[in-house]
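Participant: Sequence:
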Amino acid sequence: MAQVDDAELRPGLALYRPLPTLLRLDVLPFGMLYATFSACAAVAQRGHGFAVGLALVACTHALTFFASEWSLRVKCFVAYSRISIAGLSTYDDVVVKVEPALPSLPAELCPIRREAPSPKLQVQKATIPVPTLWFAYQKLRFCLDTSLTAPVCFRRLTYPINNDLAVYVGANGYTSRVALEAAGLRWQKNEFEIPMPAFWTLLKQHLVAPFFVFQFFCMLLWCMDEYMYYSLLTMAMLVLFECTVVKQRQHNLELLALMQRPPTLVYAYRMTKWQRLSSTDLVPGDLVSIGRATAFDETDDVEGGVVAPCDLLLLRGACVVNEAMLSGESIPLRKEHVDPLESSALLLNGRHRKHVLFGGTKILQHTPYAPSASDPPDHGCVAFVLRTGFGTTQGKMLRTILLASPHLSANNTESLCFILFLVCFALAASLYVLLEGAGDPTRSSYKLFLHCVMIITSVVPPELPMELSLAVTNSLLSLSRMDVFCTEPFKIPVAGKVDVVCVDKTGTLTTDALALRGVAGLSASSLLPLSDPRTLVSPGSLPMDVQIVLASCHALIVLNGAIAGDPLEKTVLAHLNDWTLHQLDRVAARYPFSVRSLRIIHRFGFSSELRRMSALVLVDDGSAIGHARVVCKGAPEVMEPLFAHVPSYYRDVHEHYARKGARVLALGFKRVPISDLARTRHLARDATETNLTFAGFLVLDCPLKPDSRRVVQDLQLANHRVVMVTGDSALTASDVARQVHLLPHAETLVLEPSTSGLLFWTSATEKYPFTEATLATLAETHNFCVLGSAVASLSPTSLQALAPLTQVFARTSPDEKALVLAALNAGRNITAMCGDGTNDVGALDGTNDVGALKRAHVGISLVNGPTRRRRRRCTLVTSLQMYKILGVNCLVSAYVLSALYVYGVKQGDTQLTCSGLLVALCFLFLSYAKPASTLSHERPVSRVFCVSVLSSILLQFGVHLCSLVLGLSIAAPLVEWNDPRLHADASFTPNALNTLMFLLATCMQVTTFVANYKGRPFMESFREHKLLARCAYASYAFVLVALLELWPAMNTWLELVPLGSDMVQGQVLCLMLFDTVAVLALERTVQVLTTAYPEWMT
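Per the numbering used here, residue 3 is the first one in the sequence shown, and the count goes up by one each step.
A couple of the hints might just be wrong.
List time: in silico DMTMM-like cross-link candidates among lysine to aspartate or glutamate, alpha-carbon distance up to 25 Å [stated by the list, open to error]:
id	residue 1	residue 2
1	K398	D341
2	K1016	E1026
3	K769	E571
4	K141	D8
5	K364	E571
6	K356	D817
7	K572	E338
8	K99	D166
9	K364	D380
10	K398	E195
11	K77	E101
12	K364	D283
13	K672	D709
14	K275	E195
15	K99	E110
16	K1016	D911
17	K662	E768
18	K707	D737
19	K672	E768
20	K662	D737
21	K206	D147
22	K191	D380
23	K398	D380
24	K191	D227
25	K206	E256
26	K662	D534
27	K249	E195
28	K769	E639
29	K275	D147
30	K672	D341
31	K191	D95
Simulated from the structure, these hints should not be mistaken for lab results.
All chains, full assembly: derive it from the sequences and hints.
Facilitator: Here it is in structure tokens:
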């Protein structure tokens, strides 16, 4: 057995060859059996046994075929022959069975591909290994490791992303055609191959799915029981639904294909000269020029900026990019070239991320390096190609979307369990019919068996997947009208179950439009007489040293004549009226007295882990050579150990403004001799940001968004727990939390680690050691604010005990946000995360390498949050209503097909078709329910298997059961029980019994929809839902008209007969009223009990 060395795949690989068509196990044996039956039919008399035998063979053949479509193991057994490893070098049609380690990924049969290098490449061995054998799984290539002689092992295709930086800096592109050919064979084309299957190909996949085949089998059973019209109508609806799903899949694939940019002409340095070639021909190891894009076709749009054709490492020059396609943030980011003297290995997703241009990101501006003879003809930035095709960051995102599940439905696990619950009742009903029929010698064994199978299959209505998908589909349409894009539709009902809503602060609760209040913490001087270090100094009155820090310590750029970048930094620079930012990172002084201009030479960008940034600045002070400075800003507690001298009032000042909800940044600088400029530029960051001079605290206000307080209040009134998870300081976060009423108590305790590593609760006047035993007691009188450093220090058990009691998590990094969400999830909570930036992405993803947003069950935006929450609650309630209606209808159907069938109760084909249309219309209208105008305090039932739902189903079924028994007693005097037409095996014949039961069953179906429609407080009331209400009223009117025989032509068409007398009609009408009123009353009682005792009922 071959091996694969990959964490996501199981190590063993089985090798197979496809069998010839005539030798397949689903062709050869059955072909021989069919030939035998044909020969026997020609010479022998065909009897009942012959037909049964032929039917069994045909069913076995169909089951074998479908089993090979559903199970990869069966497919391998039926259509393939297993071969040894030696077959890899013998056969050209070998496939490998790949089994993933994760159950969420599918197993696949992947064909083995072979590369055919040129004779020259075979003679001259290239330094780049060429994979002679490889296979592709989920758009990822796995190549044969030729360095091993035994065992045969495949490994994921690697890219040159782990080398030392010196390797990239010293790269000269491809200087040999042999190496270039080897690279092309190894990494292939730089493009995304997105298949666009034909409509009929996708439809075939849907039609052979297990559920559809089961539905088709059920329809065949109904056809065999003389219900042709009903079967054809139901099958037509199912095929139409599958066609709409296929068209939606094709539309999604077309949208995905539009994400690809057309290939462009780029310059690549090959064979010691710059050559123009297509971006699809780029391979890792190429040197390319990133400048002005040129399209192949003049109609192609390249005006919006150059798009990075693959993942690139900047070697010379600088770029300004927009990574909105990958991160969702449209703020321009600066990318700088690598330091040629740095000797560390490349950290692609670490500190060297600022040197990487990721494929698919838009390059808004580029600044070439100092001119030289080796510059590209378009004067672009020189970059090294790291990854191409699906190996890029954009390729990974496309793979996630492309390979996602295409089906829209509610909780599949809950659906399966609910069906199994109903099957138990169906088995009991089927057993009753079987025992009754076995004791009757006049019953046909064939029809008895057929009817028992029909009872069991009746608990799974053919339209079940369509009905359960309607609520999700209509919610998607409603959300799309609100400009909301849902990446995982199946989570819409889950969003209605949310218990805990975690919100970020900056950009979510507060606006990005910060207000600069001034600089505090400055020392008194002759030019700045200050009596209190808390005094705020306006930007126009600041000392020159502070102005230099504010004017140069940023990552702003000039783009198309406007300043672009972080809103905080734009706010600061806008208040510095004496300074103007120009191209090439030059800041000019308006009044060039002591300082003329500043030139930013090098930046250490802001890091969410370090919580600071710095820059190396050349200051033109009018002297011959000027001088240089290191300027720095960051969180006060992070900056404190970096200062050479810390003022005594340091903590008092920044904590004073943090308590008022302001955002506070500490400022610092130090002078660097010009002679040490080159050495300083290449120092490590930690060595550069030391011995700084304190330059004050920058104080900014973060005003709340206009609707933040209302949104949080609505969520709390809706019985959701709201928790703040932010990267801001504890005091600032606590003040904002108090403004939006997240803090129930007057005093707040902050959990932070001490210098010894122990955790302590601290406040302005108190300090307690952290112990799990005192958490409940402290939580009764204090608010809890936990720092990110404490989150990282806590054990998982302690964090799970603390998280449900905490209102604010402050100073949290992306990884620490993910830990918080994991702790909340461990408490069996359904969590939602509201965030706005890339540092929140990981809490949504469940992986710590991309930030913090996907640990949550649901990721949402707080903008217009209550409206979307109402929509999701409405979807959840609608799904549960459908489960209840299906449950009641299936139980009634099982009883009618079993106990009443013994008495000769049947329905005509026309009657069953009309009932099917009525139920389908009611389900369709039910899915169109609109959410209520306000978000209620009452939480909806979130599970099918709870006392509220199950008791409601059983009680409603009990009332319907009593009504059916009473209806049978009313019809008893109207029929002759010895009539052969009432025999269980007889065909349907219109009579009073069948007429009464059809009208009663139709009334029950309508009542089931009316009673189980939830309405307020989660959705519009029944009367407000015009479609469903009018359909119900029309159905009741239809039953009344048929009962009173007001339209004889309709009764004749429906195969209904007169009930004999006005007394019988009155009895039936009273029975319908009793059934309707009793069901409505019982359902109302259950709902009242659910509201009063949610802990017991839900």
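Participant: Work down the list of hints and note, for each, if the structure agrees.
Facilitator: Tested hints:
1. With a C-alpha separation of about 28 Å, the suggested pair K398 and D341 falls outside the 25 Å cut-off, and the hint is violated.
2. About 12 Å separates the Cα atoms of K1016 and E1026, which keeps this hinted pair within 25 Å; it holds.
3. Among the hinted pairs, K769 with E571 is inconsistent with the structure: their alpha-carbon atoms are about 37 Å apart, more than 25 Å.
4. A threshold of 25 Å between alpha carbons decides the hint, and for K141 with D8 the separation of about 15 Å falls inside it, so the pair holds.
5. Straight-line distance between C-alpha atoms of K364 and E571 comes to about 22 Å, which keeps the hinted pair within the 25 Å bound.
6. About 19 Å separates the Cα atoms of K356 and D817, which keeps this hinted pair within 25 Å; it holds.
7. For a cut-off of 25 Å, the pair hint linking K572 to E338 stands: about 20 Å separates their Cα positions.
8. Taken as a hint, the K99 and D166 pair is broken in the structure, with Cα atoms around 37 Å apart against an allowance of 25 Å.
9. At roughly 18 Å between alpha-carbon atoms, K364 and D380 fall within 25 Å of each other, so this suggested pair holds.
10. A threshold of 25 Å between alpha carbons decides the hint, and for K398 with E195 the separation of about 13 Å falls inside it, so the pair holds.
11. Our distance criterion of 25 Å between C-alpha atoms is met by K77 and E101, whose separation comes to about 14 Å.
12. The suggested pairing of K364 with D283 holds, with an alpha-carbon distance near 20 Å, which does not exceed 25 Å.
13. Restraint check: the Cα-Cα separation between K672 and D709 comes to about 43 Å, which exceeds 25 Å; the hinted pair is violated.
14. Simply put, K275 and E195 have alpha-carbon atoms about 30 Å apart, too far for the 25 Å limit, and the pair is violated.
15. Between K99 and E110, the direct Cα distance comes to roughly 6 Å. Compliance with the 25 Å bound is thereby established for this hinted pair.
16. This hinted pair does not check out: K1016 and D911 have alpha carbons roughly 33 Å apart, beyond 25 Å.
17. With a C-alpha separation of about 20 Å, the suggested pairing of K662 with E768 holds against the 25 Å cut-off.
18. Under the criterion of a C-alpha separation no larger than 25 Å, the hint pairing K707 with D737 is consistent with the structure, at around 15 Å.
19. Taking the CA atoms of K672 and E768, the gap is near 37 Å; set against the 25 Å cutoff, the hint is violated.
20. Restraint check: the Cα-Cα separation between K662 and D737 comes to about 6 Å, which is no more than 25 Å; the hinted pair holds.
21. The straight-line distance between the Cα atoms of K206 and D147 is roughly 38 Å, outside the 25 Å bound, and the hint therefore fails.
22. Restraint check for K191 and D380: the C-alpha separation of about 24 Å stays at or below 25 Å, so the hint holds.
23. Among the hinted pairs, K398 with D380 is inconsistent with the structure: their alpha-carbon atoms are about 30 Å apart, more than 25 Å.
24. Taking the CA atoms of K191 and D227, the gap is near 58 Å; set against the 25 Å cutoff, the hint is violated.
25. At roughly 19 Å between alpha-carbon atoms, K206 and E256 fall within 25 Å of each other, so this suggested pair holds.
26. Between K662 and D534 the CA atoms are separated by roughly 18 Å; this keeps the pair inside 25 Å, and the hint holds.
27. With a C-alpha separation of about 20 Å, the suggested pair K249 and E195 falls inside the 25 Å cut-off, and the hint holds.
28. Proposed proximity of K769 and E639 is supported: the alpha carbons are some 19 Å apart, at most 25 Å.
29. The straight-line distance between the Cα atoms of K275 and D147 is roughly 33 Å, outside the 25 Å bound, and the hint therefore fails.
30. Taking the CA atoms of K672 and D341, the gap is near 22 Å; set against the 25 Å cutoff, the hint holds.
31. Proposed proximity of K191 and D95 is supported: the alpha carbons are some 23 Å apart, at most 25 Å.
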